[in-house]
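Using the hints, position chain B with the ligands against chain A.
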Amino acid sequence: MNWDGLLLARAQFAFTIGFHILWPAYSIGVSGFIVVVNALWLRTGRQVYRDLVRFWIHLFALGFAMGVVTGVVMSYEIGTNWSVFAERTANVIGPFFVYEVLMAFFLEAGFIGIMLFGMNRVGPRLHFASCVMVAFGAVISAFWILAANSWMHTPAGFALVDGKFQLVSWWAAIFNPSFPYRFAHMVVAAYIAGTFVVIGVSGFYLWQRRHAEFARTGLSIALWIALVLVPVQALIGDLHGRNTLAYQPVKVAAMEGDWDTRAGQPLVLFAWPDEANARNDYEISIPLLGSLILTHDWHGMVAGLKSVPPQERPPVVPVFYAFRVMVGIWAVMLAIVLAGTWLRWQRELYDAAWFGMICAFSSPLPFLAVLAGWTVTEVGRQPFVVYGLLRTADAVSPVAPQVVAGSLALFVGVYGILLLAFFFYAMRTVLRGPQVAEPGAAPAAVRPGIDSAAAGRPAE
Amino acid sequence: MEWWLPVLLGGAVAFGIVMYVAMDGFDLGLGILFPFAPGETERAMMLNSIAPFWDGNETWLVLGGTLLIGAFPLAYATLLPAFYVPLLTMLFALIFRGIAFEFRFRATRFRALWDWAFSGGSMLATFCQGLVLGGFIHGIPVVDRAFAGGPLDCISAFAGACGCGLVAGYGLLGATWLIFKTDGSTAEYGRAAARIALPATMVFIALVSLWTPFAYLRIAARWFAWPNIALLSPVPLVTALVALGLWRSIGSDRDFRPFLLAISLFLLAFLGLGISIWPYAVPYQATLWQAASSPPTLAFVGIGVVVILPVVLFYVAFAHWIFRGKTATDTGYGH
Ligand code: HDD
Ligand code: HEM
Ligand code: HEM
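Here the protein sequences come in this chain order: A and B. So that you can map any letter, position 300 of the first sequence is 300 in our numbering, and since no number is skipped, the others follow by simple counting. Count along the second sequence from 1, add 460, and you get the number used in our numbering.
Some hints here could point you the wrong way.
Said to hold, decoys possible - Calculated from the model, a selection of chain A residues having no Cβ within reach of chain B, i.e. all distances over 12 Å:
hint, residue
1, GLY18
2, ARG43
3, ARG216
4, LEU239
5, ASN243
6, ALA278
7, ILE284
8, VAL308
9, PRO310
10, ARG324
11, ALA360
12, SER363
13, ALA393
What the hints assert, rightly or not - Quick partial rundown of chain A residues pointing at chain B, CB under 7 Å, derived from the structure:
hint, residue
14, ALA86
15, LEU102
16, GLY110
Hints were generated in silico from the structure; no laboratory data involved. All residues carry an ideal CB built from backbone N, CA and C; glycine is no exception.
Isolated chain A, as found in the complex (with noise of 0.2 Å):
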């Protein structure tokens, strides 16, 4: 297989995976800001959570159908773009697909069904129930597949049995070493994202001055989640980087754009690194805070790019400036939360509408971290899909190059129109807001009544 078949290959993965990841995170998200509203809905029984579960499954549905169309599509790509590196790993991490699928997906789509349409068919707590089943399925799916991911990072509990990977213990290689931080990064950058969305919706209604009481009642319950997990996010993200130091140190190197090994690294702010010198131009950076971040001491030793040599360091400069998107993003998401919750304190949050329009423009910072933070991860691994063991030069389909071109092609116009027409018809949504009388025109479709059943009654 030649370097063109290869390349295409990365990048209609990184193309199609980039895109996919959008939509889980979104569902993610929003569906749990939904059952924490229909939580609020069961207890008191106030109109506006109605109105906010029912607004808000609207939305969340258009997301949902982009998450399943591009994901069916990951499911076959790993066969039709990766045969070598699912002949080899498959006796490994191919199970846990197919637990993602029995224990995540079909959770989800057996009870899609009654969250999306069955509000005027079932009563409250089963309708309840169903949505809190969709958002765990989510999350299930989000641990299977960040399994599998993670022990491409870390490998554990396996053999290596003529190039092939042998499983030894279930276990090790679920719960391999990177796991846990990034299911925990993963998980709560989706939940950060879906809540930006609601605060950018309501944010977008303050500053509009419309439907007063439901954009408050969602924005002030999104900034009160926001205000915990962005810091939390830092915190996890700090522990995630300290394994990665661990078990993959070119990777951070490549993330701090550290050349040297030494003891007192410095915190390089901005740099363009020279890959082909092995240097930064233009550095800015603080003496030995970079140890201390690390390695939480002044004179920790830290690896540097040199460790190894040229063909085993990942691209240097997607790293390490993904790696400063991220943290920036996270800065901006931190003011502007911080700057809510002055506002809140100060009594003018629902006053402000220029906090209301700048919380309209936030949306998209949550989703461009997430890229941003794939970004650092999987190219940090290069050479390499399974690290230290397959190269992903050995892990490509014999897939003629030109087929690959013309779907890698296609998969670019197809997401472009896709794209488009899911911000056509949510900005749409949002334009028309929320249905807030209750469709009168619309009784109970089997069982009458029940639609308008009084909160945390049995409707039967």
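Relative to the frame of chain A, chain B with the ligands by itself:
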């Protein structure tokens, strides 16, 4: 364990594929019938009759793919590159058909466009599945545990016939679903469509059944050698009887029966296919046992299937029970 674990999991793959074909078969079938429906009332009713289910139905396809990678990695790693073109085309088609559910009912100006995405996507996906089926029966070249052919090798007149046959067959499933789940003019349309789709399906079943033994000697040997011919001759006979029963039930007021018989027709065709292909996982290259993953891996997958699949079937049934009866006009999309 060495012997029966691959058979058990081969059975699970077969079950996943049968479930997929039966369940997504009627979804895709509705897409195939969609452009010929009399009007918007019927079209909205058609979509709403499957709105709560289509995602779950498509999940069987994902299960099939992941079971292959988990239990038969060699099959996954050789069949998928071999069928790259039809599979990716199918995936693109499924993208359009899946997303059309959500977008269509929010659309005003572009509704016709999403209607095309839905029906075009359904037809193309079905046809590609038929191409894969044909390519599978034909077999693929494998060297050193890797596919060793060209990207368009799997496309042939035979595969094309399988593709057209599947379009007719899914159309039949879709039509009988309409008889079962809808009433009024939509069910009437289902009856009319079934009367066209059933003969078409039977023509293709007969064509493919006759073509295979002539083109593939090993399949002829499987069917026509003594005593197989005596044991297997009931299969085509029962198929003919089921088709006859289905034809007569289209007009009857037992609205569930045509759907059940259409699924039986598919099961019989599938049984015939299994008889022809057994015991290969990668046709004529690797048997179930040769393609299987290692025993501990198979055991792990097997436990998951045996324990979790019944639970899955239970709540799939539960969801169907919640939305039981004829499709209401006031639930589903647009509400
Ligand atoms: C809302 C999204 C988001 C935000 C605000 C952050 N991250 Fe992150 N980060 C991710 C979303 C993300 C991610 C997309 O979820 C990644 C990719 C793989 C993973 O596990 O999480 C990731 C990867 C990732 C890695 C790569 C580890 C590896 O692959 O070996 C490190 C070291 C950090 N993060 C550290 C941080 C730090 C120190 C942050 C804040 C100060 C931070 N992240 C904020
Ligand atoms: C279980 C989950 C995942 C699996 C099995 C997986 C597997 C792979 C494989 C096989 C490659 C190709 C080899 C390579 O170039 O590294 C790859 C590359 C890549 N993946 Fe992942 N991946 C997973 C999760 C993700 C996620 C969620 C993202 C999110 C954006 C992602 C982003 C990328 C990128 C950007 C590349 C290209 C790296 C490069 O070409 O330098 N991956 N991954
Ligand atoms: C190679 C990697 C991946 C594969 C093979 C894959 C496969 C799939 C498939 C087949 C679906 C559709 C499920 C359905 O039919 O209902 C899906 C959806 C989903 N995927 Fe992925 N996926 C991958 C990466 C990821 C990653 C990295 C995550 C999470 C961190 C993830 C989380 C989800 C979730 C939560 C859903 C549910 C539907 C949704 O939320 O939109 N996936 N994925």
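Structure-based check of all given hints:
At roughly 16 Å, the least C-beta separation between GLY18/A and chain B is larger than 12 Å, which holds for a residue marked as non-interface. Listed as outside the interface, ARG43/A is consistent with that label: its C-beta sits roughly 24 Å from the nearest C-beta of chain B, beyond the 12 Å cut-off. For ARG216/A, the non-interface assignment is confirmed: its Cβ lies about 26 Å from the closest Cβ of chain B, beyond the 12 Å cut-off. Even its closest Cβ contact with chain B, about 29 Å, leaves LEU239/A beyond 12 Å, as expected for a residue assigned away from the interface.
In this structure ASN243/A is separated from chain B by more than 12 Å, as the shortest Cβ-Cβ distance comes to about 26 Å. Residue placement check: ALA278/A keeps its beta carbon more than 12 Å from all beta carbons of chain B (closest about 37 Å). A cut-off of 12 Å between C-beta atoms confirms that ILE284/A is not in contact with chain B; the least separation is 45 Å. Under the 12 Å C-beta cut-off, the non-interface status given to VAL308/A relative to chain B holds; the minimum distance is some 30 Å.
The beta carbon of PRO310/A sits about 30 Å from the closest Cβ of chain B, which is more than 12 Å, so the claim that it is off the interface holds. Distance check for ARG324/A against chain B: the nearest CB is about 34 Å away, which clears 12 Å, and the non-interface claim stands. In this structure ALA360/A is separated from chain B by more than 12 Å, as the shortest Cβ-Cβ distance comes to about 21 Å. With a least beta-carbon separation of about 19 Å from chain B, SER363/A lies farther than 12 Å from that chain, consistent with its non-interface assignment.
With 12 Å as the threshold on Cβ separation, the claim that ALA393/A sits away from chain B holds: the shortest Cβ distance comes to roughly 15 Å. Because the closest C-beta pair between ALA86/A and chain B is about 5 Å apart, less than 7 Å, the hint holds. Of the supplied interface hints, the one on LEU102/A holds, with its beta-carbon coming within about 4 Å of a beta-carbon of chain B, less than 7 Å. Using the Cβ-Cβ criterion of 7 Å, the hint placing GLY110/A at the interface with chain B is satisfied: the shortest such distance is roughly 4 Å.
Figure legend: structure checked against the earlier numbered hints; every hint is met.
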